[in-house]
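**Student:** This is what each chain is made of:
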Amino acid sequence: MMSKRRLHPVAILSGVGKELKNMIVPLLVIIAAGSRNRFSWRDFIVPLAAVVYTVVMGVLSWIRFTYAWDEDRLLVEEGVFVRKRRSIPLERIHGMSVTEGVWQRMAGVVQVHIEAAGHVLGEAEVMLRAISREEARQLQRCVEQAKRKAETIDHPASNANRCPPPALFTLSMKEVWIVSLTSGGTLGVVVALGAFLSQLVDFIPYEALVRDIQSTWNGHSRWFLGGFVFVVLFAAYGVAIVQNMVRYASFAVRKQEDTIVITRGWLERKSVSIPVARVQGVVIHENWLRRLFGYASVSLIHAGGGLDGGEAGDVVLCPLIKKNRVASIMQTCLSEYDPTVAFHPLPKRAKSRYMLRPLCWLVIPAVLAAYVERPWGVMAFLLLPFGAWIGACRFHLAGWALSPGQLALRSGLFRQTTTYVLKRHVQSFQSSATWWQKRKRLTTISVSVMPLGTRARVVDVDEANAVVMSRWLEGKRKK
Amino acid sequence: MRYDHGKPISIKAVTVWRLTGALGTLASGVVVGGVMWLLLRFHAPPWLWAVLAGVWVVEAIVWVVWLPPLRQKRWRYDIREEEIDIQRGVWSTRRTLIPMARVQYVDVRQGPLLKRYKLASIAVFTAAAAHEIPALRMDEAERLCRLIAEWAKVADSDDV
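These protein sequence lines are chains E and U, in that order.
Going by full-length UniProt numbering, the first residue of the first sequence is number 1, and it counts up by one from there.
Going by full-length UniProt numbering, the first residue of the second sequence is number 1, and it counts up by one from there.
Keep in mind the hints are simulated off the structure, nothing from the lab.
Please read all numbers here as calculations on a predicted model, not as lab measurements.
For every residue, glycine included, the Cβ atom is placed at its ideal position computed from N, Cα and C.
You may find that some hints are simply not true.
Stretch-level coverage of chain U by chain E, calculated; a stretch enters the list once three of its residues show a Cβ under 8 Å from a Cβ in chain E [as the list claims (entries may be wrong)]: (1) 97-106; (2) 117-129.
With a straight-line Cα cutoff of 25 Å, these simulated BS3-like cross-link-like pairs (lysine-lysine) come out [stated by the list, open to error]: (3) 348/E to 438/E; (4) 73/U to 438/E; (5) 153/U to 147/E; (6) 118/U to 12/U; (7) 440/E to 73/U; (8) 423/E to 153/U; (9) 7/U to 438/E.
For each label pair, taking beta carbons as the anchor points, the in silico distance ranges come out as [said to hold, decoys possible]: (10) 256/E to 28/U: 56 to 66 Å; (11) 137/E to 112/U: 36 to 46 Å; (12) 77/E to 146/U: 49 to 59 Å; (13) 105/U to 77/E: 48 to 58 Å; (14) 138/E to 154/U: 38 to 48 Å; (15) 81/E to 111/U: 30 to 40 Å; (16) 327/E to 8/U: 46 to 56 Å.
With the hints as extra help, turn the sequences into a complete structure.
**Tutor:** Right, here's the structure in full:
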């Protein structure tokens with residue numbers, strides 16, 4: 001039964017390709033640094049050795065990688081010099097994501113990322129780089145069966161002729177376009193560009209460039225330079241838009257029994273399945289641009305690593321959704337969460353603190369500006385009322401809501417975040433107060449759930465309310 | 001909110017913290033001394049020298065004299081059947097509640113300094129973070145460790 005199997009050879013290509021992609025910039029730098037004056041064949045020895053090594057290791061690790069499974073467990077052996085055998089009980093598999101990358105598609109296979117318990121130890125993730133789609137489906141079925149057996153629940157035998165349930169949520173092409181236009185991804189591209197340029201520092205003569213820029217600036221072509229910067233930013237924005245469109249094309253959410261299945265992607269098709277029991281919380285983001293049009297996005301905090309390729313424990317459920325549809329989606333996908341709770345505002349006496357807080361870091365630059373640019377810099381003080389106004393808006397948006405089984409916290413303005421957490425998923429609850437806060441009987445509360453570092457926080461809640469919330473967590477836990 | 005429930009940690013924590021503070025300031029003293037020597041070599045203005053020395057003295061006073069007793073005074077812990085309740089902080093008072101059912105495992109830790117004063121600290125791990133209660137009497141730490149392990153097991157089997 002347990003015959004060892006090997007991945008499709010395209011796994012070598014995708015693995016080596018990924019390694020090479022990471023190596024290319026350092027290698028270019030080495031070549032450029034080594035050949036200050038003129039190129040000679042010596043400059044290529046190190047990079048060539050690195051490339052050959054990578055390719056050989058890629059092939060070897062493919063040869064040494066075998067996998068197999070039966071009804072109970074998945075067995076993976078790997079390692080070129082040090083042999084590693086791992087056996088994972090199938091019922092312990094918590095999440096699976098199936099990706100069809102460009103490489104995999106050429107060979108008609110899929111890449112399976114498996115997430116099991118104990119991810120903190122870093123050993124519980126298995127990546128099957130290239131297995132046939134049929135095998136992936138079989139594995140998924142085995143996992144489901146193993147889980148059902150573990151729970152000893154008799155399901156009616158209706159699973160035999162199962163067709164995928166209808167999608168609960170899809171994105172139209174227009175919506176994909178809006179997501180891409182309004183996402184904060186542009187900044188990410190600019191940062192990546194900056195990082196890339198700083199890696200090339202060895203063979204771009206920055207000093208000369210700066211001198212050139214200065215003379216250009218002093219000359220008549222500052223408009224030209226401004227235009228250039230504008231074009232670069234615009235191009236970065238374009239790249240971000242295309243990236244997002246590729247990522248979110250044909251987005252669909254389905255619910256198969258107790259598992260939420262999210263499929264998406266255009267060049268790289270991906271399907272992420274998360275058991276509802278593993279969901280630790282729901283986060284609704286509303287960035288200011290999207291809020292203008294009444295849209296929000298919903299993501300799940302799930303116990304485990306980055307199944308979605310993003311941050312650990314963060315999976316996007318709906319990239320863009322009309323606010324009034326959020327409740328119905330949440331009720332069908334995650335019936336235990338109640339998004340319709342009414343939020344309590346913060347006490348009035350917290351308002352001044354909220355208004356002062358942005359001023360703390362605005363005052364010094366404003367004073368500096370007023371001092372340096374004597375006559376007109378005084379205009380900088382106009383920023384202060386604006387800052388106070390922003391603080392006031394923040395104050396009005398922040399809030400909390402408590403129901404017997406659930407705690408919800410909301411904060412933020414430009415990126416307003418609402419987090420819903422069930423009582424039995426709370427890992428710890430913290431209330432803290434500085435001396436200033438104590439004088440006004442206010443506290444900052446924060447709650448943490450499973451993946452490391454994920455927590456929601458609201459500043460300046462009434463002390464009495466914080467006590468209510470800690471009481472809620474204390475005492476006999478009954479559902 | 002009440003900020004005075006629970007038990008205090010060992011009074012000897014003050015001594016331990018004073019010692020670690022002193023060691024820390026000694027280490028930074030070496031760095032500061034090195035910088036001063038360099039300044040002397042390059043004929044820096046004497047007021048810079050004074051500022052550096054002043055900063056170092058303030059640091060020493062804060063870490064050795066002022067902070068340890070305050071920290072010890074503010075530390076409180078309470079371990080109940082259903083949750084662990086920790087409170088700490090000098091400037092900002094933080095109170096953390098950890099449901100017993102969320103506790104994964106407990107460590108008793110003891111460095112050379114703690115050992116010398118017959119103290120130990122316990123660290124409570126949840127799936128999200130570690131929470132430490134520093135400087136308990138050694139037998140108390142052992143007892144709490146066993147107690148938490150016991151209660152965590154019970155709470156877990158009750159939990160769905």
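**Student:** Hint by hint, say whether it matches the structure.
**Tutor:** Results of checking the hints against the structure:
{"no.": "1", "hint": "97-106", "result": "holds (count 5)"}
{"no.": "2", "hint": "117-129", "result": "holds (count 4)"}
{"no.": "3", "hint": "348/E to 438/E", "result": "15 Å, holds"}
{"no.": "4", "hint": "73/U to 438/E", "result": "18 Å, holds"}
{"no.": "5", "hint": "153/U to 147/E", "result": "23 Å, holds"}
{"no.": "6", "hint": "118/U to 12/U", "result": "9 Å, holds"}
{"no.": "7", "hint": "440/E to 73/U", "result": "23 Å, holds"}
{"no.": "8", "hint": "423/E to 153/U", "result": "19 Å, holds"}
{"no.": "9", "hint": "7/U to 438/E", "result": "22 Å, holds"}
{"no.": "10", "hint": "256/E to 28/U: 56 to 66 Å", "result": "59 Å, holds"}
{"no.": "11", "hint": "137/E to 112/U: 36 to 46 Å", "result": "57 Å, violated"}
{"no.": "12", "hint": "77/E to 146/U: 49 to 59 Å", "result": "40 Å, violated"}
{"no.": "13", "hint": "105/U to 77/E: 48 to 58 Å", "result": "29 Å, violated"}
{"no.": "14", "hint": "138/E to 154/U: 38 to 48 Å", "result": "40 Å, holds"}
{"no.": "15", "hint": "81/E to 111/U: 30 to 40 Å", "result": "36 Å, holds"}
{"no.": "16", "hint": "327/E to 8/U: 46 to 56 Å", "result": "48 Å, holds"}
Comparing the model with each earlier hint shows violations of hints 11, 12, 13; every other hint is respected.
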